[in-house]
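Peer 1: Whole structure, please, built from the sequences with the hints as guidance.
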Amino acid sequence: MANSSEFPLWEVFIRSHGGLNHKHVGSLHAADAQMALEHARDVYTRRMEGVSIWVVPSTAITASDPADTDPFFEPAKDKIYRHPTFYDIPEGLKHM
Amino acid sequence: MRDFLLLLADNTQILGHRLGEWCGHGPELEIDMAMTNLALDLIGQSRNYYQYAADLEGAGRTEDDLAYLRDAREFRNCLLVEQPNGDFAHTVARNFLFDSWHFFFLQALCQSNDDRLAAIAVKSVKEVTYHLRWSSEWVIRLGDGTEESHKRIQDAFDNLWTYRGELLAPAPYETEAANAGYGVDLHAISSRKCSTFSALTQTQSGNE
Numbered sequence: 043m044a045n046s047s048e049f050p051l052w053e054v055f056i057r058s059h060g061g062l063n064h065k066h067v068g069s070l071h072a073a074d075a076q077m078a079l080e081h082a083r084d085v086y087t088r089r090m091e092g093v094s095i096w097v098v099p100s101t102a103i104t105a106s107d108p109a110d111t112d113p114f115f116e117p118a119k120d121k122i123y124r125h126p127t128f129y130d131i132p133e134g135l136k137h138m
Numbered sequence: 002m003r004d005f006l007l008l009l010a011d012n013t014q015i016l017g018h019r020l021g022e023w024c025g026h027g028p029e030l031e032i033d034m035a036m037t038n039l040a041l042d043l044i045g046q047s048r049n050y051y052q053y054a055a056d057l058e059g060a061g062r063t064e065d066d067l068a069y070l071r072d073a074r075e076f077r078n079c080l081l082v083e084q085p086n087g088d089f090a091h092t093v094a095r096n097f098l099f100d101s102w103h104f105f106f107l108q109a110l111c112q113s114n115d116d117r118l119a120a121i122a123v124k125s126v127k128e129v130t131y132h133l134r135w136s137s138e139w140v141i142r143l144g145d146g147t148e149e150s151h152k153r154i155q156d157a158f159d160n161l162w163t164y165r166g167e168l169l170a171p172a173p174y175e176t177e178a179a180n181a182g183y184g185v186d187l188h189a190i191s192s193r194k195c196s197t198f199s200a201l202t203q204t205q206s207g208n209e
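So the protein sequences, as listed, match chains B and F. First residue of the first sequence? That's 43 in this note's numbering, and the numbers climb one at a time after it. First residue of the second sequence? That's 2 in this note's numbering, and the numbers climb one at a time after it.
Hints in this document: simulated from the structure, not taken from any laboratory. Keep in mind that the hints are not guaranteed to be accurate.
Claimed, not checked - The list that follows gives simulated cross-link-like pairs (lysine to any residue, SDA-like), each with its CA atoms no further than 20 Å apart:
#1 Lys124/F <-> Val93/B
#2 Lys127/F <-> Met90/B
#3 Lys127/F <-> Val85/B
#4 Lys124/F <-> Thr87/B
#5 Lys65/B <-> Trp96/B
#6 Lys127/F <-> Arg89/B
#7 Lys124/F <-> Met90/B
#8 Lys127/F <-> Ser94/B
#9 Lys65/B <-> Ile103/B
#10 Lys127/F <-> Val93/B
#11 Lys127/F <-> Gly45/F
#12 Lys124/F <-> Arg88/B
#13 Lys65/B <-> Glu53/B
#14 Lys127/F <-> Leu41/F
#15 Lys127/F <-> Ile103/B
#16 Lys124/F <-> Arg89/B
#17 Lys127/F <-> Arg88/B
#18 Lys127/F <-> Arg83/B
#19 Lys127/F <-> Glu91/B
#20 Lys127/F <-> Tyr86/B
#21 Lys65/B <-> Glu91/B
#22 Lys127/F <-> Thr87/B
Treat the numbers as computed from the prediction; the structure is a model and nothing was measured.
Peer 2: The following block contains the structure:
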């Protein structure tokens, strides 16, 4: 068997119910996409967590740099008016 | 009927326990979990059969009595399922030989004229569809992998090949079950099983 360190890393996304988004749940090692899907099924959907799986090579993901935290995220902190919390929600509107 | 149920129960229980031995020892975490998933599926299936057999007896014995307190000689499982795990390739080959029979067997058992048996088969065949997919994938991967993996899976099949005939050779109570309509006609599934196997081995040689 190949050493697991030789298998590339994949990120796993699971859709828990029809209509909801796929959400990142973790990662795993696999030789290719097919194996990654089956491993994801075996590792991440044992307790009925999902109805659909995406796997993406971890190398395909471009991540923000922690050093960019200030210019990226800090400016949003004092702009609470961007939160849609200053409106009265009409009664009977359920999915807000 | 009881003998037939115990055959199915013992097959799935023994293979389930063999796979369970891999728990914590799999070649990778993901494969370890895959094999314990398979093990739990099989143990779950065996429980359904043991419970049914215990109900039929009506003698107050439970599924556990039937699963764990019978003498070794009373077990009806085929020899294939009790073969030791060996290396990973050996486990894959053993499971593939079983799965590629089990799948077609359960498909046929879904048509059983016994409602409870048919219900167990309908539930089990979904699980075993994945088992067959899993072991088939690994037969191909190991066969097409490295020189080492090819040799190991080939050795495993050479070693286990002799046990596959038993799966299609009916015991008297299996013939009785087939004739009564609650069992499976093994002759009818043998051709389908063989075509799956040759399709797979052709894929393997085609990729080489």
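Peer 1: Confirm or reject each hint.
Peer 2: Each hint, compared with the structure:
1. Only pairs whose Cα atoms come within 20 Å are accepted, and Lys124/F paired with Val93/B is accepted, the gap being roughly 18 Å.
2. A threshold of 20 Å between alpha carbons decides the hint, and for Lys127/F with Met90/B the separation of about 15 Å falls inside it, so the pair holds.
3. Taken as a hint, the Lys127/F and Val85/B pair is honoured in the structure, with Cα atoms around 18 Å apart against an allowance of 20 Å.
4. With a C-alpha separation of about 18 Å, the suggested pair Lys124/F and Thr87/B falls inside the 20 Å cut-off, and the hint holds.
5. Among the hinted pairs, Lys65/B with Trp96/B is consistent with the structure: their alpha-carbon atoms are about 9 Å apart, no more than 20 Å.
6. Of the supplied pair hints, the one linking Lys127/F and Arg89/B holds, its CA atoms being roughly 16 Å apart against a limit of 20 Å.
7. Annotation: proposed proximity of Lys124/F to Met90/B holds, straight-line Cα distance about 16 Å (limit 20 Å).
8. Between Lys127/F and Ser94/B the alpha-carbon distance is near 17 Å, which keeps this suggested pair within the 20 Å criterion.
9. This hinted pair checks out: Lys65/B and Ile103/B have alpha carbons roughly 15 Å apart, not beyond 20 Å.
10. Annotation: proposed proximity of Lys127/F to Val93/B holds, straight-line Cα distance about 15 Å (limit 20 Å).
11. This hinted pair checks out: Lys127/F and Gly45/F have alpha carbons roughly 13 Å apart, not beyond 20 Å.
12. With a C-alpha separation of about 16 Å, the suggested pair Lys124/F and Arg88/B falls inside the 20 Å cut-off, and the hint holds.
13. Restraint check for Lys65/B and Glu53/B: the C-alpha separation of about 10 Å stays at or below 20 Å, so the hint holds.
14. A threshold of 20 Å between alpha carbons decides the hint, and for Lys127/F with Leu41/F the separation of about 14 Å falls inside it, so the pair holds.
15. For a cut-off of 20 Å, the pair hint linking Lys127/F to Ile103/B is broken: about 34 Å separates their Cα positions.
16. Distance hint between Lys124/F and Arg89/B is fulfilled; the C-alpha atoms sit about 17 Å from each other, no more than 20 Å.
17. Between Lys127/F and Arg88/B, the direct Cα distance comes to roughly 15 Å. Compliance with the 20 Å bound is thereby established for this hinted pair.
18. Taking the CA atoms of Lys127/F and Arg83/B, the gap is near 14 Å; set against the 20 Å cutoff, the hint holds.
19. Between Lys127/F and Glu91/B the alpha-carbon distance is near 18 Å, which keeps this suggested pair within the 20 Å criterion.
20. For the hint pairing Lys127/F with Tyr86/B, the CA-to-CA distance comes to about 18 Å; that is within 20 Å, so the pair holds.
21. A threshold of 20 Å between alpha carbons decides the hint, and for Lys65/B with Glu91/B the separation of about 11 Å falls inside it, so the pair holds.
22. Note on Lys127/F and Thr87/B: the hinted pairing holds, with a Cα-Cα distance of about 15 Å set against a maximum of 20 Å.
Hint compliance for this structure: hint 15 is the single one not met.
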